[in-house]
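Colleague: Kindly produce the complete structure, drawing on both the sequences and the hints.
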Amino acid sequence: MRKTLVVIRREFVERVRSKWFIVSTVMGPLLMVAFVVVPILMARRGARERVVAVVDLTTGDFGQRLTAELERSQAIKAERVASEPARFGLAADSLSQLVGLRVLDGFLIVSDASVDEGKVEYRGSNVASPRDMQVLESLVEDALFAERLGRSGVDANLVREARIRLDFKTAKISGSKTTGESAQGSFILAYAMWMLLYMGILLYGINVMGSVVEEKTSRIVEVLVSSLRPFELMSGKIIGVGGVGLFQFLIWGIAATLLIDRRVEVLRLAGVQLPPGAEISLPSIPIATMVVFLLFFLLGYFLYAAMFAAVGAMTGSEAEARQAANVVVMLLVVPSVLMIGILNDPGSSMAVALSLIPFCAPIAMPVRWAAGQVPLSEVALSVGILVATLFVITWIAGRIYRVGILMYGKRPGLKELVRWVRVAA
Amino acid sequence: MSDPVVLESITKRYAGHTAVRSLSLAVAPGAVYGLLGPNGAGKTTTIRMIMNIIVPDEGKVRLFGAVSTGRDLSRRIGYLPEERGLYRKMKVLDLLVFLAETKGMDRPSAKREALAWLERLGLGAWALRKVDDLSKGMQQKVQFISTVLHQPDLLVLDEPFAGLDPVNSQIMKDTVMQLARNGTTVLFSTHIMEHAEKLCDAICIIARGEKVLDGPLSEVKRTHGGRHVVIAAEGGLNRHDALLGDRSLVAKADNYGQYAEVELVEGADPQRLLEGLLATGARLTRFEIAEPSLTKIFIDRVGPEAATATAGDGVHA
Chain A
1 MRKTLVVIRR EFVERVRSKW FIVSTVMGPL LMVAFVVVPI LMARRGARER VVAVVDLTTG
61 DFGQRLTAEL ERSQAIKAER VASEPARFGL AADSLSQLVG LRVLDGFLIV SDASVDEGKV
121 EYRGSNVASP RDMQVLESLV EDALFAERLG RSGVDANLVR EARIRLDFKT AKISGSKTTG
181 ESAQGSFILA YAMWMLLYMG ILLYGINVMG SVVEEKTSRI VEVLVSSLRP FELMSGKIIG
241 VGGVGLFQFL IWGIAATLLI DRRVEVLRLA GVQLPPGAEI SLPSIPIATM VVFLLFFLLG
301 YFLYAAMFAA VGAMTGSEAE ARQAANVVVM LLVVPSVLMI GILNDPGSSM AVALSLIPFC
361 APIAMPVRWA AGQVPLSEVA LSVGILVATL FVITWIAGRI YRVGILMYGK RPGLKELVRW
421 VRVAA
Chain B
426 MSDPVVLESI TKRYAGHTAV RSLSLAVAPG AVYGLLGPNG AGKTTTIRMI MNIIVPDEGK
486 VRLFGAVSTG RDLSRRIGYL PEERGLYRKM KVLDLLVFLA ETKGMDRPSA KREALAWLER
546 LGLGAWALRK VDDLSKGMQQ KVQFISTVLH QPDLLVLDEP FAGLDPVNSQ IMKDTVMQLA
606 RNGTTVLFST HIMEHAEKLC DAICIIARGE KVLDGPLSEV KRTHGGRHVV IAAEGGLNRH
666 DALLGDRSLV AKADNYGQYA EVELVEGADP QRLLEGLLAT GARLTRFEIA EPSLTKIFID
726 RVGPEAATAT AGDGVHA
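Protein chains in written order, with this note's numbering: chain A, 1 to 425; chain B, 426 to 742.
Heads up, a few of these hints could be off.
Derived DSSO-like pairs: lysine-lysine, alpha-carbon spacing no greater than 27 Å straight-line [claimed, not checked]: (1) B/K561 with B/K536; (2) B/K536 with B/K555; (3) B/K561 with B/K623; (4) B/K536 with A/K19; (5) A/K3 with B/K516; (6) B/K536 with B/K516; (7) B/K623 with B/K636; (8) A/K3 with B/K485; (9) B/K514 with B/K536; (10) B/K514 with B/K555; (11) B/K561 with B/K514; (12) B/K636 with B/K485; (13) A/K19 with B/K514; (14) B/K561 with B/K598; (15) B/K561 with B/K516; (16) B/K536 with A/K3; (17) B/K598 with A/K19; (18) B/K561 with A/K19; (19) B/K536 with B/K485; (20) B/K598 with B/K536; (21) A/K3 with B/K555; (22) B/K623 with B/K677; (23) B/K623 with B/K598; (24) B/K555 with B/K516; (25) B/K636 with B/K598; (26) A/K77 with A/K119; (27) A/K19 with B/K555; (28) B/K514 with A/K3.
Listing some non-contacts, in silico: residues in chain A with all C-beta distances to chain B over 10 Å [to be verified]: (29) S138; (30) S317; (31) D345.
The set of hints was computed from the structure by calculation and includes no laboratory data.
Ideal Cβ placement from N, Cα and C applies to all residues, glycine included.
Modeller: Here it is in structure tokens:
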């Protein structure tokens, strides 16, 4: 046990001191900040007034009313250009040039057919922006709606008053208790957990594999196993690297908490003024969710790290190991590919099955937990299966590791591997 | 005091061949013991079994009188494997402390000893540098320090001089001999007989996984000596083939051209050979009744075909 601690300490200290750790630890919170700030910056950028010309080919006054309506929205600066079908080509050419010179973002073309059949055309440099198009479309649609109602004799002011903004709130019910989480909040939380679990298990698992391969290719492993039991070496390595993972999560957790607590100040420092009322709502993370997350991260990490260690031990080089590791990585990719399905319906039989299959459970179960309601009995069952599998896999991996680390040359076939596992010592 | 290493007819089989067959030997306390054999003779397999890295299929390994594993006794054993390696990205001092700790040494003494050894071998200024920054020769020294720094009672060195530059080779020999004088038992394997001849108190020669002979070096030489004559003559010895082929006098002659090692038949008088040579008009530059070299014993006992790696070319029997 004391010797295992020595191995754990070396793995932990050497890794935490490495450039890789510092870079990834710093980049993590930066990405987190980016997640908070970028949408706001995007929103602000989106809020810049678009300059749009309205090419009015109508015989009535819809063009004027539409221009006024767009102006009133404050999102768009509109200017009416009266034209007629015969001269339209010329007008379009000169307006296109203005768009090219970035004086205009684009121009709307309305005609009598617009009011009769809803036919409106827009040409602009920002047609690829869904947000811009959505705003423009809904404004034009509103104007058309009012115009057509007006034709039928309804007062335009009455129409405007009849319209109210929808304020749609959602709340997640978990264990028959209504939580403060919104639908969007739990989606973001589940998504973030999926990212962290997938990346964490994969990156740290591959780290373990790299460490095994390094010891094997540098041949230091023979000195090590002359004083350490192979299992001491393997478990020390896995625990040490896992500790680095937890340590990194801890740093990120603290950094994120601080940043989120002081988000307004941080944003002000960054020169971002929040528009009034544009409070950034962030999901609060219940303790139970954090416990589920950490529990499944650790179990999943141990499971995969043991497999990665065995893969590292049976191969002779980093490149060869990466290739052989694909089989293991595939196991982890399965629940990730099906993640959207789990998010959409956390109670579906596919989601339940995935959260009970031990190789998928470390990702599927926490995602289900965060996205919807999971009975505790199911969580317990999933943990039980996972722990049992972990014991079996670790035992097998330990045996492969013990033989593999001293083997050089050809990669063993499946038959050879079975022999390694069965051989007593 | 019980013998540090005792092997009781150990056998190790691999798929298709037997690497070591029923090998027994004993290393006395304080001895410098050479395990000799051509490449592929089973030296490394034997040493790995002593270190309990692999387990013999049959037989027992006793270390310091107990049937326990090399790992449990790692505090008392310093092991230098044939395939060497270090963590390239670690600092030299950290690495030495870590390796000493895996052997059961406590951290403060490991640090103290590591610094003292680095100083002694001229690497004091490199303690805080990464292993990668060191030259190959320096890395060899670090590897050696990691083997001895926990003050083991027994050193097990697998081909310790292979791949060393002459300076490091000398430093290592001196250090090993110094430790041996202070009571450390040394067991090392080599296929270079000259090393064994210079350093060992006792030897064991193995070939094809089996013991050929063992015992104290002086005894081995005595039982194989007394009838050996080294001769050299102007113009070479090829003119004297007839005399060297006289089976009533010469049992075996290794004629290297410029000189020859001759083994006389039992009871033959070396003077007869001298007279015979002079009678044929040879102008002798050397005539020496000698103890056989270990190389000679080795080749005689193992046979040139098994000893190809060591014997080299141009051996005429």
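Colleague: None of the hints should be skipped; say for each whether it holds.
Modeller: Hint by hint, here is what the structure shows:
{"no.": "1", "hint": "B/K561 with B/K536", "in the structure": "holds, 23 Å"}
{"no.": "2", "hint": "B/K536 with B/K555", "in the structure": "holds, 16 Å"}
{"no.": "3", "hint": "B/K561 with B/K623", "in the structure": "holds, 26 Å"}
{"no.": "4", "hint": "B/K536 with A/K19", "in the structure": "holds, 25 Å"}
{"no.": "5", "hint": "A/K3 with B/K516", "in the structure": "holds, 20 Å"}
{"no.": "6", "hint": "B/K536 with B/K516", "in the structure": "holds, 13 Å"}
{"no.": "7", "hint": "B/K623 with B/K636", "in the structure": "holds, 21 Å"}
{"no.": "8", "hint": "A/K3 with B/K485", "in the structure": "holds, 26 Å"}
{"no.": "9", "hint": "B/K514 with B/K536", "in the structure": "holds, 19 Å"}
{"no.": "10", "hint": "B/K514 with B/K555", "in the structure": "holds, 6 Å"}
{"no.": "11", "hint": "B/K561 with B/K514", "in the structure": "holds, 14 Å"}
{"no.": "12", "hint": "B/K636 with B/K485", "in the structure": "holds, 16 Å"}
{"no.": "13", "hint": "A/K19 with B/K514", "in the structure": "holds, 11 Å"}
{"no.": "14", "hint": "B/K561 with B/K598", "in the structure": "holds, 18 Å"}
{"no.": "15", "hint": "B/K561 with B/K516", "in the structure": "holds, 15 Å"}
{"no.": "16", "hint": "B/K536 with A/K3", "in the structure": "holds, 17 Å"}
{"no.": "17", "hint": "B/K598 with A/K19", "in the structure": "violated, 40 Å"}
{"no.": "18", "hint": "B/K561 with A/K19", "in the structure": "holds, 25 Å"}
{"no.": "19", "hint": "B/K536 with B/K485", "in the structure": "violated, 36 Å"}
{"no.": "20", "hint": "B/K598 with B/K536", "in the structure": "holds, 24 Å"}
{"no.": "21", "hint": "A/K3 with B/K555", "in the structure": "holds, 23 Å"}
{"no.": "22", "hint": "B/K623 with B/K677", "in the structure": "holds, 26 Å"}
{"no.": "23", "hint": "B/K623 with B/K598", "in the structure": "holds, 10 Å"}
{"no.": "24", "hint": "B/K555 with B/K516", "in the structure": "holds, 4 Å"}
{"no.": "25", "hint": "B/K636 with B/K598", "in the structure": "holds, 26 Å"}
{"no.": "26", "hint": "A/K77 with A/K119", "in the structure": "holds, 22 Å"}
{"no.": "27", "hint": "A/K19 with B/K555", "in the structure": "holds, 14 Å"}
{"no.": "28", "hint": "B/K514 with A/K3", "in the structure": "holds, 21 Å"}
{"no.": "29", "hint": "S138", "in the structure": "holds, 59 Å"}
{"no.": "30", "hint": "S317", "in the structure": "holds, 14 Å"}
{"no.": "31", "hint": "D345", "in the structure": "holds, 47 Å"}
In terms of the numbered hints stated before, the structure departs from hints 17 and 19, listed from lowest to highest.
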